[in-house]
Every structure is written in C-alpha cells, then in structure tokens.
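Going line by line, the protein sequences match chains A and B.
Under the working numbering, think of the first position of the first sequence as 1, with each following residue one higher.
Under the working numbering, think of the first position of the second sequence as 1001, with each following residue one higher.
Note that these hints are calculated values from the structure, not bench results.
Incorrect hints may appear among the rest.
[Unchecked claim] Distance condition first, Cα-Cα at most 20 Å in a straight line; then the derived SDA-like pairs of lysine to any residue:
(1) B:Lys1194 x B:Thr1158
(2) B:Lys1071 x A:Lys173
(3) B:Lys1071 x A:Gln34
(4) A:Lys385 x A:Ser369
(5) B:Lys1172 x B:Asn1040
(6) B:Lys1172 x A:Gln34
(7) B:Lys1194 x B:Asp1148
(8) B:Lys1071 x A:Thr375
(9) B:Lys1071 x A:Leu79
(10) A:Lys173 x B:Gln1256
(11) B:Lys1048 x A:Gln34
(12) A:Lys173 x B:Asn1040
(13) B:Lys1048 x B:Tyr1350
(14) B:Lys1071 x A:Phe246
[Claimed, not checked] Ranges of calculated distance between the beta carbons of each label pair, as one might list FRET restraints:
(15) B:Asp1108 x A:Pro147: 54 to 60 Å
(16) B:Asp1098 x A:Phe29: 51 to 57 Å
(17) A:Ser36 x B:Val1369: 37 to 43 Å
(18) A:Ala161 x B:Glu1205: 37 to 43 Å
(19) B:Thr1027 x A:Cys367: 27 to 33 Å
(20) A:Leu38 x B:Val1369: 28 to 34 Å
[Unchecked claim] So these bits of chain B aren't anywhere near chain A, every CB distance computed over 10 Å:
(21) Trp1034
(22) Trp1061
(23) Asp1062
(24) Glu1063
(25) Gly1079
(26) Cys1097
(27) Gly1114
(28) Ala1154
(29) Ala1156
(30) Pro1231
(31) Asp1236
(32) Ile1253
(33) Ala1283
(34) Asp1359
Backbone N, C-alpha and C define an ideal beta-carbon position, used for all residues, glycine too.
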Amino acid sequence: MATLIQLKPQPFSFTGPVTAAAAAFAGLFVGTAQGSGLLGILLGAALGAALAWGLMQAPLPRRTMRWGIAASSALVGLLVGGTMGLIVGAAFGAFFGWFPLWIADGRYRAGLPPYLTPGEVLWHYAFRVICGLIFFFLIAPIVVVMPLSFNAENFFTFTPAMLSLDPAGYSLKHYEDFFGNSDWQAALRNSLTIAPVATLLAVSFGTLAAIGLSSEHVPFRQAIMAILISPMIVPLIISAAGMYFFYSRIGLQGTYVGVVLAHAALGIPFVIITVTATLVGFDRSLTRAAANMGANPVTTFFRVQMPLILPGVISGGLFAFITSFDEVVVVLFVGSASQKTLPWQMFIGLREQISPTILAVATILVCLSIALLTTLELLRRRSEKLRGMSPG
Amino acid sequence: MKAASFLMTGTAMALAMTPALAQEMSTDMTIVSWGGAYQNSQNEAYVKPYLEMNPDVSVTWDESSNEAVAKLRAMNEAGNITWDLVDVVASDAIRLCDEGLALEYNPDQLLVPGDDGTPASEDFGDLIVSDCFIPQIVYSTTAAYRPDLLPEGAPAPTSICAMFDLETYPGKRTLERRPINNMEWALYCDGVAKDEIYDVLGTPEGQDRALAKLDTIKDEVVWWSAAAEPPQLLADGEIVMGSSYNGRWFSAIEEQDQPFEMLWDMQVFDLDGWIIPAGLEPAALNRVVDFVRFATDTQRLADQAAYISYGPARASSAPLVGEHAELGIAMGPHMPTDPANSENTLLYNYTFWADYRDDIDAKFQSWLVQ
Chain A
1 MATLIQLKPQ PFSFTGPVTA AAAAFAGLFV GTAQGSGLLG ILLGAALGAA LAWGLMQAPL
61 PRRTMRWGIA ASSALVGLLV GGTMGLIVGA AFGAFFGWFP LWIADGRYRA GLPPYLTPGE
121 VLWHYAFRVI CGLIFFFLIA PIVVVMPLSF NAENFFTFTP AMLSLDPAGY SLKHYEDFFG
181 NSDWQAALRN SLTIAPVATL LAVSFGTLAA IGLSSEHVPF RQAIMAILIS PMIVPLIISA
241 AGMYFFYSRI GLQGTYVGVV LAHAALGIPF VIITVTATLV GFDRSLTRAA ANMGANPVTT
301 FFRVQMPLIL PGVISGGLFA FITSFDEVVV VLFVGSASQK TLPWQMFIGL REQISPTILA
361 VATILVCLSI ALLTTLELLR RRSEKLRGMS PG
Chain B
1001 MKAASFLMTG TAMALAMTPA LAQEMSTDMT IVSWGGAYQN SQNEAYVKPY LEMNPDVSVT
1061 WDESSNEAVA KLRAMNEAGN ITWDLVDVVA SDAIRLCDEG LALEYNPDQL LVPGDDGTPA
1121 SEDFGDLIVS DCFIPQIVYS TTAAYRPDLL PEGAPAPTSI CAMFDLETYP GKRTLERRPI
1181 NNMEWALYCD GVAKDEIYDV LGTPEGQDRA LAKLDTIKDE VVWWSAAAEP PQLLADGEIV
1241 MGSSYNGRWF SAIEEQDQPF EMLWDMQVFD LDGWIIPAGL EPAALNRVVD FVRFATDTQR
1301 LADQAAYISY GPARASSAPL VGEHAELGIA MGPHMPTDPA NSENTLLYNY TFWADYRDDI
1361 DAKFQSWLVQ
C-alpha cells in the first residue's frame, strides 16, 4: 500500500516505553516459565528500553544490527535452553531487532489513514494483538498434541530429547500402534461403518423434513421443528439414557442398527438447520415454473430444487458425519462393546491407560476434520459464486 | 439365610452339571475388564489360550469395569444383560451380590481344585470374600516417589507418612479421589495404632480427625480417579509422590524405565476377580462357566503374573510364579505379597467399608469441595 503521509521519526521518549512494554509482555511469559513472572516483566522492560536506546544510537546499518541481535539472542538461547532455546532465542531476537526501529522510524503509521489519532492507532494494533491471543488460546492446545504424538516415550511428556530436537526423542511408534493394534483398527472400522450410514439417514430425513417444514401449509410447523432439533438442545446424557432404555425394550440396544439410528437422530437437526437456511434463498416460483412445464413433484425436486440447495445438504451432511464420528456419550449407552467406535476407544484409552496412541489418533482426526471443513468452505464459496452473491 | 443357601445350592448344582452334560454353549462372550496392562495380562494368560483351544469362540472386550455396578443395574432394569463375565474389585462384587445382580456359586463345584489337589475353597481360602466373587489377583494400592525431585539432603522416604510431611518433602502429591485408603493412611500418620484404625474411623470424631489430617496437605494434593494418572503425573514431574496400584508403578519403573522408587510401607491389599452376571441365558452361562473353570486354574493364574506384578489369588499358584514375559526379570520380588515388600501392610476391610462407604463418601466429597 502506498504511504499516504510523510513518516515521522519518533524520539526515544516514545520508542523506549513502547519497546519496554512489548518486552515486558514477552518477559511475563519467559519469567513465568522460569519461576517469577514479576521479575520477568521488570527485566523485560529494562532490556527492551536499553535495546531501543542502543539501536537508535548505534551508527551501524539497520540490516547488520538486526541480524546481529537475532544471532546474539539465538546464542543466548542456545546456551540456556539447547536447540529449542536457539529457535526461541532467534525468534525473539528477530522480533526485537526489528520492532524498536519500526517504532522509531514511525513506520507503524504507514498504511493507516493519516487522520487517525494516536489512540486509534494504538487500538488498531491492540485489536490485532487481542485477536492473535484469542486465536493462540484456541489453537495452542490442539497444536501441542501434534508433536507429542511423535513422542518416543509412553507418556504425555515433552522429554528432554524432544526439546533438544534429538531425532531419538521422536518416533512413529504410536502411529504404528494405531495402525497395527486390532482394538484401534476394529474401532476405526466401526466408526467408518456407522458414521456414513447414520449420515445418509440423517441427510435423507433431515432434507425431507426441512423441505416439508418450509412449505406454508404444514400445521404446527414451529412445534414440529422444535421437536426435530431437540436432540441438539437436550443434554446428550439425557437423550442417551432415554435411548438406552427405549432401545433395550425393543431389542435395538447393543446392535449396529441401534447405534446408526441413534446417531442419525443426533445428525438430523444439523441437516434441518443448514437446509432450512439454504431454502430461505430458494425461489419458490421455480417449482411452479417446473410444474407449469409438466414436471411432476419428484422430477422437480431432483432436477430443480436439489441442485440449488445441494450446498446446504452437503454441509448438513458433513456436520452429521462429524457428529457421529466424534460422538462418545450416546454410543456408550446404546452400543455394546462390539460397536466400540473411535471416540469410545479414545475415551477408555484416556481413562485406563494414558497412552500417546490417543494423541496420534487425535492428530489424524484433527487433520481429517480440517480436510472436511475445508471442503465445506470451498463448497460454500462455490455456492455463493453460483448464486452471484460474491464477485470472487 | 436358608433361602440364600438353598438358592446357592441350586445354582451350584446347575453349574456343576453343565460341564458333564456338555450342553449347548454360545460361541461369543463379552468380557468386561479394566483395559490397559491388566486386561492385557488376562488376554495373554487365559483368553488367548482358551481361544486356541476353542477356535469357534470369539471374545469381545468391554473396558467398563469402572462403572460395572451402575451399568449392571441399568441392564437389569432394562432387562437386557449384554455382558457375560465381569471383572470387578471385591467391594463391587459384594455390592452386586447383595443386590442380586451377580450369580452366587459354590467354589468347589464351579472351580477346579489346585494342581496339588487342594479343593478350590481352600486354595482361594479367605480371598473368597463374597458368595459371588471369583478371586483372580491380589493387588495393592501403594505409594511411589521420584528421588530426583526430593529436596537436596532429604532422606529417602521410608514411611507412608512422608505423604503428609510437607516440610521434609515439599511439592505436589497425588491421592485417589475417594476416602478409601486415604482415611486409613491419615489416621495412621496421625498416630493411631494400625489395629485401631477402623475402630477410630467408625466414629464421627475419627472421621473428622482423618479429614483434619488430610486438610494439612489438601492444597498440595492432585486428586486422581484413573490409576493411569499418577504415573503420568510423576513422569511429568508435576508431583513428587503419589499413590496408585502397584502394577501401574511396576509397569512405569520396569517396562518404561521411569526413575521412580516404590514406597511399599502401609500398602493396602485388595482383591480383584470375576463375577458372573445374574440372569444369563443358559447357553451363555455354559460358555462362561467353561471359560472360568479354565481361567482360574492354578497354572493360568500363575501365568498372569508373567505380564503384571499382581499376586495370584490361589495359594497353589504362588510357587509357579516365574519371570516377566518380555523383560525376563523374576516377578517374585515385585509382588505386593513378597516378604520384603509386605513388612507393614493393611488389608482392605470389606465389612467396614460395606457398612460405612456411603456415609464417609458423602463426608469426603463435601470436604473435597470446601
């Protein structure tokens, strides 16, 4: 973006405190990890201010100084914390070699409208930092699982060998266990035979229900809708206990069919909601036009309505699939040990033997979920493009 | 009592006749156990050999022993028993037996005599703590610590009271989230003589006294509910010492090379074994009886000790305990019953806890959230 205003270099009286604040924030984490958060804040602030002063006074070229700071910080990291310290140190150095000069040169105002007050500029960056932190807190627990799943030991622990990036500290044995262990394979097979069938049922019934409920002449539409989506609202444990006793009476408890039906019931609300949302944008005159041209309702549905609401149907189906694939409470009640699904196996694995195989499975499932949700997003964009809602 | 013994004889007769008549047997069994290393030891020691002898039979494991009582109650209410054989701790077996959810049996008719000819009722002896309980192993709840996490110069702990000594051994420790064992240890370390512990614990003042002792370390306790948690916490260095089952500690120390030390002092012996759910179909019952006869014989129980450091419940199995199946180390010294380990032990008092469990549980749980 073109710079709209002349960049104004800032004096140390501004650069110093800002750098000190940023360094104090970083110091809080380093200090907490080393035992004293308060000391970390104070040391960080002092170091930050000194660094800003040094950088502004030193006559060396910018690039040299930046590399120099990154390298020396990496060296300190290496001495303190080995290979991992080297990486962390280099990252810190790279940031704090750049940050004070970015402030001092006034480059932080580049790209912002020139009329912004200092307060608005501060908020502009604070907003981004807050968003970044929220993102971090949401993602970090999931990301931590991934390196741990390559642990060479049987505990959920970052061993010293792992922290120093020693190859001996890592192994694929938990993945081998997952693919070689008959319990996990049986669970995977069960999940893969239950989820698609449950999804198919949920999509068929859910789509029909959504279409029916969106036509105006159906009586008690609101009440029926509320009942159909209740599995999503009622606490799962209550649905599960109810299903357990009901299915036991009619001989479905502990059977494959029983688990599929239970999961279909859980998936239907997702399909109804997404399809109903798509139907809002569906032009009813199209069905009348089709009827006018001699198509019967079934042909109209498959040739006219279905292609237009397909994205909603597919995203509902994906949600129904993930619900069934991730579900543990209902299957514990309705299923028996021969319908043990992946989440069930993970649940007992966590409770009875804290084995990193669970982390390997979790990593695989996270990747699978990312793939599914990416598909969903691509479909949504495609449908928007088709409907001309977005220029992309 | 009359009715009970009559029922027992009736069941026992039915059980005794089954092998002889070779009635119809179902070909699949759902066996409920604890998962992990323990279930693995059962699988290796008797389920796999049994399946080799009976290739037409298939076994499904259900790792639900933790909630066996609740699930069996629900199954009973729903009139749909889907389990064939359930592994439970002795206290759960007693509860299930009292509620009529487990089958009563006659040891000498259901179980085979020991290899030396001792009748089963004598071979298992006092370990048959309930008319429904078929003992498999003796395990203990005991403490372990990490020598490298103790403060400089602190002597290695030799007594369970190290758990309550925050001055010498500062840091977090882990205890099971239930009153059993913790209350006994607390009273013992508060100066109550070992043989008076249950007398004191039977009084409200005694219970308050135990909780007061636990109060002194409450802030430093991480409470566990699955036995796999303590080894994980200790391996992470989150705690300096804690209680768990001796087999879990053995597995962490010997099989996973963790730098832990066992503290056998005041280990609490407990029993684990099978119950057969009441109300099985005849074909399923015949299969289970056939399996149990095999799985509780002298050799099978001794074999199990090659996979986990729990003592076999039969006296006749003890001399046959050999080496660890993979590591090749002698298992004898790792058994909770080994003389070196059992200098100072406590036997879980079933009758006491059957009577006081509900009261003390409620007190303990409300203390926990204070």
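**Item:** List of violated hint numbers, smallest to largest
**Value:** 2, 3, 4, 5, 7, 8, 9, 11, 13, 17, 18, 19, 21, 22, 23, 24, 25, 30 and 31
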